[in-house]
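Participant: Quick mapping for you: the protein sequence lines, in order, are chains A and B. In terms of the numbering used here, the first sequence is numbered consecutively and its last residue is 335. In terms of the numbering used here, the second sequence is numbered consecutively and its last residue is 272.
Accuracy of the hints is not assured; some may be wrong.
Said to hold, decoys possible - Footprint (simulated), chain A over chain B, 3 or more residues, beta carbon under 8 Å: (1) 100-112; (2) 201-212.
What the hints assert, rightly or not - Partial selection, computed: residues in chain A whose CB lies under 7 Å from chain B: (3) Ala49; (4) Pro156; (5) Ser172; (6) Ile202; (7) Asp270; (8) Arg277; (9) Phe296; (10) Ile314.
What the hints contain is simulated information worked out from the structure, not anything from laboratory work. No residue lacks a Cβ here, since even glycine has one placed at the ideal position from N, Cα and C.
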Amino acid sequence: MTAIQAAPKRGAGGRTTAPRGVAPGTGATRPGERDDRRRRRRAREQLVAWAFIAPVAIYMVVFYAYPLFRNLDLSFRDYTLASFITGEAPFVGIANYVEVLRSSTFWPALGNTAVFTLGSIAVQFALGLALAVFFYRRFPLATTLRALFLVPWLLPLLVSASIWAWMLNSDSGVVNAALAVFGIPQVNWLTSPQTSMIGVLIANIWIGIPFNLVILYSGLQNIPDEVYEASSLDGANAWQTFWRITFPMLRPVSAITLLLGLIYTLKVFDIIWIMTRGGPGDSSTTFAIWSYRLGFGGGSPDLSPAAAVGNLLIVIAFVFGIIYIRTQRRTEDEL
Amino acid sequence: MNARTKRILNTTVGVILTAIMLFPLYWMINVSLTQPERLRKDPPDLIPINPTFDGYARVLSDQLPYLATSLIVGLGTVALTLVLSAPAAFALAKLRPRGGGAVDFVMLIAQMIPGIIMAMGFYLIFFNWGILDSVLGLILADSTLAVPFGVLIFTAFMSGIPEELMSAAKIDGANAWRSFRSVVLPISRNSVVTVSLFTFLWSWSDFLFASTVNRGGALQPITIGIYRYIGNNTQDWNAIMATAVVASIPAAVLLVVAQRYVAAGVTAGAVK
Chain A
1 MTAIQAAPKR
11 GAGGRTTAPR
21 GVAPGTGATR
31 PGERDDRRRR
41 RRAREQLVAW
51 AFIAPVAIYM
61 VVFYAYPLFR
71 NLDLSFRDYT
81 LASFITGEAP
91 FVGIANYVEV
101 LRSSTFWPAL
111 GNTAVFTLGS
121 IAVQFALGLA
131 LAVFFYRRFP
141 LATTLRALFL
151 VPWLLPLLVS
161 ASIWAWMLNS
171 DSGVVNAALA
181 VFGIPQVNWL
191 TSPQTSMIGV
201 LIANIWIGIP
211 FNLVILYSGL
221 QNIPDEVYEA
231 SSLDGANAWQ
241 TFWRITFPML
251 RPVSAITLLL
261 GLIYTLKVFD
271 IIWIMTRGGP
281 GDSSTTFAIW
291 SYRLGFGGGS
301 PDLSPAAAVG
311 NLLIVIAFVF
321 GIIYIRTQRR
331 TEDEL
Chain B
1 MNARTKRILN
11 TTVGVILTAI
21 MLFPLYWMIN
31 VSLTQPERLR
41 KDPPDLIPIN
51 PTFDGYARVL
61 SDQLPYLATS
71 LIVGLGTVAL
81 TLVLSAPAAF
91 ALAKLRPRGG
101 GAVDFVMLIA
111 QMIPGIIMAM
121 GFYLIFFNWG
131 ILDSVLGLIL
141 ADSTLAVPFG
151 VLIFTAFMSG
161 IPEELMSAAK
171 IDGANAWRSF
181 RSVVLPISRN
191 SVVTVSLFTF
201 LWSWSDFLFA
211 STVNRGGALQ
221 PITIGIYRYI
231 GNNTQDWNAI
241 MATAVVASIP
251 AAVLLVVAQR
261 YVAAGVTAGA
271 VK
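Same shape as in the complex, but just chain A (with noise of 0.2 Å):
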C-alpha cells in the first residue's frame, strides 16, 4: 500500500530555460551553432530519458488505462453470456446505471459501505494513535513489540478473516464463549442482520491498526524534542501535552493516515466476501461487495450491472483521491 512518495518537484521550465550562450564569442563555434548542438543534445537526452520510462508507460496503458476503459464501455452495453461467444453487446446507453439506482440493493450498499468506511477508519485511527504514543515512550522490547503489531497486516487477507470467521462462529466461537463468562448470552454475530456489520467492522479494524500505528508513530518522531521539553517545564502534564502539543502537531499526518486510510477501505473485499458474502440479505453487503457479487458471485453473471456499480465506486474514491493528494502537497509544502 502507501508509497506516497516524495517525489522531488520537477518543473519542466527549470532546464528548458537554462542561460543560453552565456560566454559569447568564446571558442570558435558561434552562439547559434552552440544553440543548435545544445538543443539536439538536449533532445537526445530527452528520448533517452523516455526509452527508460516507455515499457511502464506501455504498461500503464494495456493493463490500467485499457482494463479501466473496457469496464466504462461494459457499464454501458448489455453483456450476456451470449456476448461471450458473438464479442458483440448492445449499446444500451445509462440503462445499467439507472438499473443499479433502482435496485433495492443501492441505499442499503452505500449506507453499509459509509459504516464500513467511516467505522473503520475512526477506530482503526484513534487505537493506532494511543497505540504510536504508547510505544513513543520508548521502554524496554518497545521496539519488539511494535514489530510484532505489524504481523495482522502482513498476512493475507483471507487468511485473517477466515482466523475472524471461525473465532466469531455463533456456536463454537471462542469470542462468545468469553462473552458467556461474562454472562452475555449468545451473539450471531455474522448470521444475523444486526450484527453482521459489526462482524466484519471488527475483523477490518484489526487489520488496519498497524498501518495507522506506523503511520503515525512516523509521524511522532517528526515532532523535535524541544517542544515536549518546554511543554514540561512550563509544568503540562501528559493530557495535555497530547491535547495541546501531540495532536495539534500531527494534523498533517493524520490527515494523510484518514484519507489513505478512507481510500483503502473503499476497496476492502476480500474481509467481508470470506466473512458473510455481504449477507445475510445485504446487510453487510458494500459497493465493493455487490460488484463482485453481481459479476462473479455465482449464477449468471451480471457483468454489466457490476461494472456500473463498481464505476460508482470508483467516482467515490477519486474524489477523496484528489483530496488526498491535494492535503498530501500541501503538507509537504508546510514541511
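Once you have looked at the hints, place chain B on chain A.
Facilitator: Just chain B, lined up with the frame of chain A:
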C-alpha cells in the same frame, strides 16, 4: 513512581496489548492443532489438548499444488514488477524527463482504483487474449498491485543518490544504461528488497484476481485452496487453519528477515 518502575509498568502493559493484538494468530495455531471432534466443544479448548497434526498432513496431501502455484505467481510478479519499475524510476529520478511529474501523478492515482473494477476489465481482456485461467494472466493482473508502488518507492530512493556519483559515471564514459546498471542499481539494493518483498506478499495474498481471472484454471494459488476448503466443508476448521498457518509463513519470514524494510515500505513517503 520512579523511572524504573515506570519502565517495567510500560513494558508489562505493552506485552499485554501485544498479546491481545496477536490473540487471533494464537487462535489460528491452536485450532490448527485441535482434533476436529473437539472443535465444537463449548467452551473451546484454550490450548490444544492431545494436539493433532492431521490438519497439516491434509495440507501436504491437498494443498501442495496450490502452494507451488502461489510461489511461481509470486516470483513471476516480482520479476515483472522489478523489470518494469526500476528503469522507469531511474529515468524519473535522474534523467529529468519532460512530463515526469505526470507519470508520478498517474502512479499515485493508479493505486486508488478498486481491485474489483480492474478484475472485471481483466476478465474481458484476458478472455479475448485467451489467457483467462492461466498463470500468465494471474501474474499480469497481480503485477498491477505492485508496479505503481515500485515506481514510486524506487523514484523516492533514487532521487537521494548524489548527483556527483552520476556525473562521475558520465565522465568515465558510462551511458545512461550503464550508469543505471553499474551505479544506481547496486546502490538501490535496499529498495529492491523492499519492493520485491511487498510485491511477493501482495501477489501471494491476492484472492480477488485469483477468484476472477483464474477461477477455473488448472493451476490455482493457495488463497483459492483455502477458499475451496471453506466452501466445501465448513466443518473442517482444523484443516482450514492448518492451511492458513502455512499460508502465513511468507509474512512471518518477511517480518523476521526484513523487519526494517517492512516499516520502510509502510511509511515510504507517506510522511517525509
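Participant: Could you run down the list of hints and mark each one as holding or not?
Facilitator: A quick look at each hint next to the structure:
1. Coverage of the stretch 100-112 of chain B by chain A holds in this model, with 12 residues showing a Cβ closer than 8 Å to a Cβ of that chain against a need of three.
2. For the stretch 201-212 of chain B, the stated coverage by chain A is satisfied: 7 residues place a CB nearer than 8 Å to a CB of that chain, which reaches the threshold of 3.
3. Annotation: Ala49/A was flagged as interfacial toward chain B, and the flag holds, the nearest CB pair being 4 Å apart, inside 7 Å.
4. At its closest, the beta carbon of Pro156/A sits 4 Å from a beta carbon of chain B; the interface hint therefore holds under the 7 Å criterion.
5. Because the closest C-beta pair between Ser172/A and chain B is about 5 Å apart, less than 7 Å, the hint holds.
6. Interface hint status for Ile202/A: violated, as the beta-carbon distance to the closest one in chain B is roughly 10 Å, over 7 Å.
7. Because the beta carbon of Asp270/A sits about 5 Å from the nearest beta carbon in chain B, less than 7 Å, this interface hint is met.
8. Among the interface hints, the one on Arg277/A is violated; its C-beta lies about 10 Å from the nearest C-beta in chain B, farther than the 7 Å criterion.
9. Annotation: Phe296/A was flagged as interfacial toward chain B, and the flag holds, the nearest CB pair being 5 Å apart, inside 7 Å.
10. The interface hint given for Ile314/A is met, as the beta carbon of that residue sits about 6 Å from the closest beta carbon of chain B, less than 7 Å.
Violated hints, in rising order: 6 and 8; the structure is consistent with all others.
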